[in-house]
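Residue numbers (this note's numbering), protein chains in the order written: chain R, 1 to 332; chain F, 1001 to 1270; chain P, 2001 to 2262.
Hints listed in this document are in silico derivations from the structure and should not be mistaken for laboratory results.
As the structure is a computational prediction, the values presented were derived from the model and not from experiment.
Quick reminder that beta carbons are idealized off the backbone N, C-alpha and C, glycines included.
Don't take every hint at face value.
The following label-pair restraints were derived from C-beta to C-beta distances [said to hold, decoys possible]:
1) P:Gln2182 to R:Glu35: 30 to 36 Å
2) P:Trp2088 to R:Ile116: 26 to 32 Å
3) F:Val1256 to P:Gly2225: 58 to 64 Å
4) F:Tyr1086 to R:Pro16: 30 to 36 Å
5) R:Pro16 to F:Ala1212: 52 to 58 Å
6) R:Thr131 to P:Gly2225: 34 to 40 Å
Taking lysine to any residue and the SDA-like style, the derived pairs with C-alpha atoms no more than 25 Å apart in a straight line are [said to hold, decoys possible]:
7) R:Lys250 to R:Ser207
8) R:Lys320 to R:Ser261
9) P:Lys2017 to F:Glu1081
10) R:Lys134 to P:Tyr2004
11) R:Lys135 to P:Pro2103
12) R:Lys134 to P:Leu2007
13) R:Lys134 to P:Trp2173
14) R:Lys192 to R:Leu217
15) P:Lys2192 to F:Glu1081
To give an idea of the chain P side of the interface with chain R (calculated C-beta under 8 Å), a few residues [said to hold, decoys possible]:
16) Tyr2010
17) Gln2014
18) Arg2049
19) Ser2258
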Amino acid sequence: MSVIEVRELTKVFKIPKKEIGLTGAIKALFMPKYEQKTAVDRVNFQIDEGEVVGYIGVNGAGKSTTIKMLTGILVPTSGHARVLGRDPHKERVANAREIGVVFGQRTQLWWDLAFIESLNLVARIYQVPETRYKKLLDQFAEMLELKELFHVPIRNMSLGQKMRAELAATLIHEPRVVYLDEPTIGLDLIVKERIREFIKEQNQTKSTTVVLTTHDLGDIEELCKRVIIIDAGRLIYDGPIETIKQQFGKYREITFETIHSSERVTLPSGAETTHVEPRRLTVRFDRTLTTASQVAAALMNQIEVKDFSLSEPDLASIIKQIYNGALNREAA
Amino acid sequence: MIQSLRRNVSIYSAIASTAAKARLAYNMWVWADFFATIISMFIFVYFWRAVYAGETTLSGLTLAQTINYILLARLLAPLVETRTIYFFGYMIRQGQIAVELTRPLDMQLRVVVETFAELATFLVQRLPLFLLAWLIFGLQLPSNPAVWIAFFISLILGQAVLFLFDWMFACLAFYVTETWGLSVVRIGVGSFFSGALVPLVMMPGWLQNIAAAMPFAQAMSVPVSFLSGITSLADAPRLWTIQIIWLAALLILSRVIFSITVRKVTVQGG
Amino acid sequence: MTRYLSLYGYFLIQRFKILMEYRLNFFIGSASTAILQAASLATIWVVMRQIPSLNGWNFYEVILIYGLLTMGESITHMFADNLWTIGWNYIRSGDFDRFLVRPIDPLFHLLADRFCHDGIGNFVTGALLIGVSMYSLHVALTPLRAIYILVAVISGGIIFIALNLITATSAFWLTESIPVTQVVFNMNEFAKYPLNIYHNAIRILLTWLIPYGFVSFYPASYLLGRDAGPVVWLSPVVATVFILIAYRVWLFGLRHYSGTGS
Chain R
1 MSVIEVRELT KVFKIPKKEI GLTGAIKALF MPKYEQKTAV DRVNFQIDEG EVVGYIGVNG
61 AGKSTTIKML TGILVPTSGH ARVLGRDPHK ERVANAREIG VVFGQRTQLW WDLAFIESLN
121 LVARIYQVPE TRYKKLLDQF AEMLELKELF HVPIRNMSLG QKMRAELAAT LIHEPRVVYL
181 DEPTIGLDLI VKERIREFIK EQNQTKSTTV VLTTHDLGDI EELCKRVIII DAGRLIYDGP
241 IETIKQQFGK YREITFETIH SSERVTLPSG AETTHVEPRR LTVRFDRTLT TASQVAAALM
301 NQIEVKDFSL SEPDLASIIK QIYNGALNRE AA
Chain F
1001 MIQSLRRNVS IYSAIASTAA KARLAYNMWV WADFFATIIS MFIFVYFWRA VYAGETTLSG
1061 LTLAQTINYI LLARLLAPLV ETRTIYFFGY MIRQGQIAVE LTRPLDMQLR VVVETFAELA
1121 TFLVQRLPLF LLAWLIFGLQ LPSNPAVWIA FFISLILGQA VLFLFDWMFA CLAFYVTETW
1181 GLSVVRIGVG SFFSGALVPL VMMPGWLQNI AAAMPFAQAM SVPVSFLSGI TSLADAPRLW
1241 TIQIIWLAAL LILSRVIFSI TVRKVTVQGG
Chain P
2001 MTRYLSLYGY FLIQRFKILM EYRLNFFIGS ASTAILQAAS LATIWVVMRQ IPSLNGWNFY
2061 EVILIYGLLT MGESITHMFA DNLWTIGWNY IRSGDFDRFL VRPIDPLFHL LADRFCHDGI
2121 GNFVTGALLI GVSMYSLHVA LTPLRAIYIL VAVISGGIIF IALNLITATS AFWLTESIPV
2181 TQVVFNMNEF AKYPLNIYHN AIRILLTWLI PYGFVSFYPA SYLLGRDAGP VVWLSPVVAT
2241 VFILIAYRVW LFGLRHYSGT GS
């Protein structure tokens, strides 16, 4: 069943043009000029129940504008968005009951209140039944290690503690769709791991649909099977993470440690040196044109190799390629 | 010596000009202040006209004198407000106090320069309001330059007195942490006893004595009385002497209290 | 409706827990507004002790006007203070979005988010002034008058809230709305004194356009048995009309926000 449905979704902002000088300011007062900026440009996608989708793009690509339209904060300029069959803006309250949102660094909890009081208040706002609330509280406390935080006000929490508290508050009403904006930014590895586990667990036991916008590719590799990439308001990729890896990950790198330094080596076609240091040499090759063993054999014939290592491409470098327009070139 | 003096002057003038720019940047605030002042002038003028409906003089003042005094007091009212308390609050909350104390400038001198720069910008900014007060309510200003000089001297002395008092009072912010309430108390008491709301001569004797024992009148009633023609120039030397005594006393007191407070705070590691 | 009421009660309890944590600030905040009132009252006293009446209103009669105004003001101060800081604390920071993803009315959420204790000082001051005035003028507190005062104070509070809501809505365009609110709000000072001391134009302005007259002057005229015509019964009507208009304006601003989101 499709939970989120986005068709030709577009958002155009009118931005008043700033004029210079006093006469400019007066002119702007009476005849304001506007610039049009298309933040989201005819985007289409569907997300099914229980999917965990990575929604990625550079800053200003249109990620948060999309999320704001899906949560009912903004109205689309054209096209439409449906969440659980509803128009998120027109049926804002009904939509709000079914969703949970983490807005990056901002907290939805009350700064001066003890965490448990904040949670109680949130539970009341969402009308979570008393017995259900108690049960969830115990579960969350264990999974996110919240017990010792219950009586701490948010203002006294560390970044990691705040994010754990935030997640608990976002999921306490068991939303069917969750939007997470940078849930692990600035956190240490152990906390990151715990938060990812928690999201995974919620998704598996409750079929919660998760839309994750993040710059942390570790989050995406661990949580998402599918990614949607947006750039300059346009959707540029939507599909399994494996496909990108295959499509863009056709390059491998081998690093050789050699006995003597050597600058010039002959390599099979499809391979090239990318980095030369004294007694260290990095070679990149295209998997569709040659193989690791061919490259290694060719090199070992020419120089004496002490050790070598092969590295898988990581998602970070792939995404960087996509942003740099690799996809457009591929299509052309 | 001259070199270091010049260096200091240039540093402080840079501070002064940034403070002035910061004030002008809040364009909307300037307009709001403009309208709010006009409104408050309307209220006061109608109020006093009704007060004088059956009297020719009150406490020796005619309606024209009182209205002239009150208009000037309205136009200059923000001079008895305070920014020092907010500034202290900001420094305490952000932990900025430690940074400020390590700078190679005298902190009190730096803040006084900022405060006076703001004051000057503020006076220039309000010039159109003086014009409006003249057009709508017939505000009268003296033509004798000596009166203007007397006004400015007593204004600067009085503002310095008030600044030093605020410096002392703001030290309380280190103990209470909430500065909003403190400044409301200070503005409430200050505007009444400074003569910004009612001429001090109209108060009963015991209230006048209290007002004289407080520094607020030095910053408002004394200079405005010159400008509105209530005080004659012959009184100037006596009034200036009083202001200078206030100034000297508060200069010492404010610095002593500030250093005691800072020492206490830094010892506690707050 | 009952859900919102019980939710508001719960918000209030949480707020008091915070306030009790900062007990000294709570005290200073409540007392500070009372001190501000004292300065203003002392001014009136200093002036009025020299004259028999202000355009036919003696000191205690002026105090009744003043007390009614102060009570009306205290209601917006206590229950709707967030209207002042909507731009600074919620829109600029993006925290306003948080209200829009919650299943309750965003205006309710905004107002419930912070009960402001500073208004308590004004509430008590206003009540005391009304009491002192009526006692000194030998105006007995009959059941009818008690109900009339109650209705007048609530209507007055709603008029204050309505005007602040209209001006606060400008934050959706300007981000910062305090200067706009300040200008309109300051006009309440006109209503500290009998409206008949002003030029007719000002009186009409304060009756029909920025109706602070209905917070203080007209109710006081009724309580003192002065002949001011049928307007003395209009406070609740004016309050209802203005709050409905204000809510429309607010919805209009909200729609603009959903279009631009800035």
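Right, here's what the structure says about each hint:
A hinted range of 30 to 36 Å for the beta carbons of Gln2182 (chain P) and Glu35 (chain R) is consistent with their spacing of about 32 Å. In this structure the supplied range 26 to 32 Å holds for Trp2088 (chain P) paired with Ile116 (chain R), their Cβ-Cβ distance being about 29 Å. Roughly 60 Å separates the CB atoms of Val1256 (chain F) and Gly2225 (chain P), a value that falls within the hinted 58 to 64 Å. Between Tyr1086 (chain F) and Pro16 (chain R) the Cβ separation comes to about 32 Å, which falls inside the hinted range of 30 to 36 Å.
Our hint of 52 to 58 Å for Pro16 (chain R) and Ala1212 (chain F) holds, since their Cβ atoms are close to 54 Å apart. Take Thr131 (chain R) and Gly2225 (chain P): their Cβ atoms lie about 60 Å apart, and the range 34 to 40 Å is violated. At roughly 34 Å between alpha-carbon atoms, Lys250 (chain R) and Ser207 (chain R) are farther apart than 25 Å, so this suggested pair is violated. A hinted pair counts as satisfied when its Cα atoms are at most 25 Å apart, and Lys320 (chain R) with Ser261 (chain R) does not qualify at roughly 32 Å.
A distance of roughly 32 Å separates the Cα atoms of Lys2017 (chain P) and Glu1081 (chain F); the hinted pair therefore is violated under the 25 Å criterion. With a C-alpha separation of about 23 Å, the suggested pairing of Lys134 (chain R) with Tyr2004 (chain P) holds against the 25 Å cut-off. A distance of roughly 22 Å separates the Cα atoms of Lys135 (chain R) and Pro2103 (chain P); the hinted pair therefore holds under the 25 Å criterion. Between the alpha carbons of Lys134 (chain R) and Leu2007 (chain P) the distance comes to roughly 19 Å, so the proposed pair stays at or under 25 Å and holds.
With a C-alpha separation of about 43 Å, the suggested pairing of Lys134 (chain R) with Trp2173 (chain P) is violated against the 25 Å cut-off. Annotation: proposed proximity of Lys192 (chain R) to Leu217 (chain R) holds, straight-line Cα distance about 12 Å (limit 25 Å). A hinted pair counts as satisfied when its Cα atoms are at most 25 Å apart, and Lys2192 (chain P) with Glu1081 (chain F) qualifies at roughly 22 Å. The beta carbon of Tyr2010 (chain P) comes within 6 Å of a beta carbon in chain R, closer than 8 Å, and the hint placing it at the interface holds.
The interface hint given for Gln2014 (chain P) is met, as the beta carbon of that residue sits about 6 Å from the closest beta carbon of chain R, less than 8 Å. A hinted interface residue such as Arg2049 (chain P) counts as satisfied when its beta carbon comes closer than 8 Å to some beta carbon of chain R; here the least separation is about 46 Å, so the hint is violated. Here the hint on Ser2258 (chain P) is kept, as its CB sits about 5 Å from the closest CB of chain R, short of 8 Å.
The structure shown violates the earlier hints numbered 6, 7, 8, 9, 13 and 18.
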